[in-house]
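Asks: Since chain A is already given, all that's left is putting chain B on it; use the hints.
Listed below are the residues making up each chain.
There are 2 protein chains.
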Amino acid sequence: MVKVAIFGYGTVGSGVFEVINKNNETIQKKLGDELQVKYVLDLRDFENDPVQDVLVHDVEIILNDPEVAIICETMGGVKPAYEFTKRALESGKSVCTSNKELVEKHGAELIKVAKAHNCSYLFEASVGGGIPIIRPLITSLAQEEVESITGILNGTTNYILTKMELDGADFEAVLKRAQEKGYAEANPEADVCGYDAGRKIAILTSLAYGKNVDFADIYTEGITAITKADFAYAKQMDSTIKLFAKSVNKNGKYYAMVAPFVVNSENPLSSVKNVFNAVLVKGNMVADTMYYGKGAGKLATASAVVADVIDCAKHLGKHVNIVWEDEKLEISTIDSASRRFFVRVASTDKTAIEQNFGKVEFLESVSADECGFVTEEMTESEYKAKAAKAGNVINMIRMD
Amino acid sequence: MVKVAIFGYGTVGSGVFEVINKNNETIQKKLGDELQVKYVLDLRDFENDPVQDVLVHDVEIILNDPEVAIICETMGGVKPAYEFTKRALESGKSVCTSNKELVEKHGAELIKVAKAHNCSYLFEASVGGGIPIIRPLITSLAQEEVESITGILNGTTNYILTKMELDGADFEAVLKRAQEKGYAEANPEADVCGYDAGRKIAILTSLAYGKNVDFADIYTEGITAITKADFAYAKQMDSTIKLFAKSVNKNGKYYAMVAPFVVNSENPLSSVKNVFNAVLVKGNMVADTMYYGKGAGKLATASAVVADVIDCAKHLGKHVNIVWEDEKLEISTIDSASRRFFVRVASTDKTAIEQNFGKVEFLESVSADECGFVTEEMTESEYKAKAAKAGNVINMIRMD
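Here the protein sequences line up with chains A and B, keeping their order.
Counting in my numbering, the first sequence runs without a single skipped number right up to 1755 at its last residue.
Counting in my numbering, the second sequence runs without a single skipped number right up to 1755 at its last residue.
Think of the hints as simulated: they come from the structure by calculation, not from any bench.
All the pointers check out, no bait thrown in.
Intra- or inter-copy, both count: the list cannot distinguish identical chains.
Okay, derived cross-link-like pairs now, DSBU-like style, lysine-lysine, Cα gap no bigger than 35 Å in a straight line:
(1) K1467 <-> K1377
(2) K1608 <-> K1393
(3) K1393 <-> K1441
(4) K1637 <-> K1741
(5) K1536 <-> K1605
(6) K1608 <-> K1683
(7) K1358 <-> K1669
Pulled out of the complex, with its shape left as it was, chain A reads as follows:
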């Protein structure tokens, strides 16, 4: 019997309780041992909920109980999750978490603490909800030199972009509906500005290269400037627009960014719709592999936490090693990254456009007073200089 405690009985925590209880038989068969939730920590009471029998309000009861081998930290936020996690690991208890903020900020350190105390710190649920991505990346792709990771890692923005495309609606209108339906927060900044996706690509990139990526080094651009006109142009290119969280290892330089991209229908990520998430990992030997599923939601996220619990339970008294060192991974500014750009300018003077932007591929204009076109490949800083010189750019979206 392996005894587990859950920190926080919110959405994910109550999901973990449900998955362990409902699928207990299956888990026992696969693990060869039984999992039992001995405690759930929450400040609140939950009358008429079976959790009440195992509910405690004091973390010390759990940290001081030598029977508890594994803790599911589903509180979210850095305080007090960081302190609780560190103390649990120091007492030899493995911790499995869905807390992306804590993992992004302190992942490398907490893995080190776990290693020193022969226990594990696992965080499959912190990226991509229920999608197995972290374990495949660090085990199934351990032999690969990762050339790039491209993810649709935020369900809210993918839902908004999908609806904008299908309904031909503009951003503000769709956001409002998404908020009414509970698919977007009242304050949607973390999602629509790309910060949530940025934290997740920071974690994945740290794991791909074994060094610490600082979220602050990641160029982050959201979807608030995308309009239905952009989708009309994308359609002409047999493409759609997706918010990509992307990191690239090219000629020994590392780039990481979150930004909208024009994505051709040939790219399997183009068909990832609504709140689904997906991650495409390109290795130097295996080429493209993609992982797809529900990027959020109570049971999907909880399922990923429980997968980690089973991994810890299989390795009790041992450290499940994850290579993620404190050493900083230098992220280059995107200025030197090279690609094609889809651009709209408030001008119909094609000669002037080509004089400035070089040879371009013109699209059919969606309104009489503008031109939409795709440039040839150039660096971000070259593009920036040309756009500044033009002075009439309505919008620019990078080409995948």
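Replies: Quick look at chain B alone, frame taken from chain A:
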């Protein structure tokens, strides 16, 4: 230093040699130890190939060398791979393989032998080539009750179906071109009749439920009867046609089959094109997760073998447990499975059609002397009886 031997220097074996040598530094960083290929076993010589330095013709040299901890079995076929694998495991050497035939026939037994000798038998590369699917299924989804597995598991047939759709061509013509290009074998039976996909779904289903699925119990139907007319009807339904390898756990009964299905564009499997493979696993908690990548090819398949080598190297002297018992998993005949059917009959008498098949949804006929329609949901045996009574069915494809 962990010493490895490779059995067979064919396509996959030479790929394994290449992956281990080229990515040695990355592997060492992730594993914390170095991998070295000490021997390659092949009856042939390979002059001017670096493999020659480690080439041996006698398996006994490898089996009797206590330094060799892990063997990559990339010979294919049952003889002598079965005997070599068993002897290797009995001497405590872990075996990693791409040999789906051997795994499908003797997987349960060889895992048992490995367990008894504190070593491992791993076979990620036996299904889906480079796609991480077996490890995610047995680790990341260990907490899930698997409700269904649906795979595009054969690259040759997916290439043929993709080309038929894009070029509006018929099966025979596309097969001929595929053979010229080397995408299909001179004798394409194992691919186009669904046997290859059948072996793979047998393996995945055995792993999902921990009991042994007999390939002979799997209903197998190939793509040889699919025509361009079928694709024309599918297009009307915003769908395509894919060869699915599928197993379902419904009301305590297990079904497994390989057959062409009409797949709507909403299903992420519909956009898996050409030689790519993908597997959609539906769990009772996480819902749909999908895994996508190259289902074949030298380096992709070799990469999956090396992932297993790293896993074995992390667990030297221990057994990486896979639950796959000898006990047979009862597979129900598909007669009682229920679904809708797309049917073409050589008749234009819609009244007679509905008298026989019940209420149907008629499609626009693609030729003057036939009707195409979709039935309501019924069991396979109900459909069979109605089709026999009609006596004029041109083709039937199941609806996903």
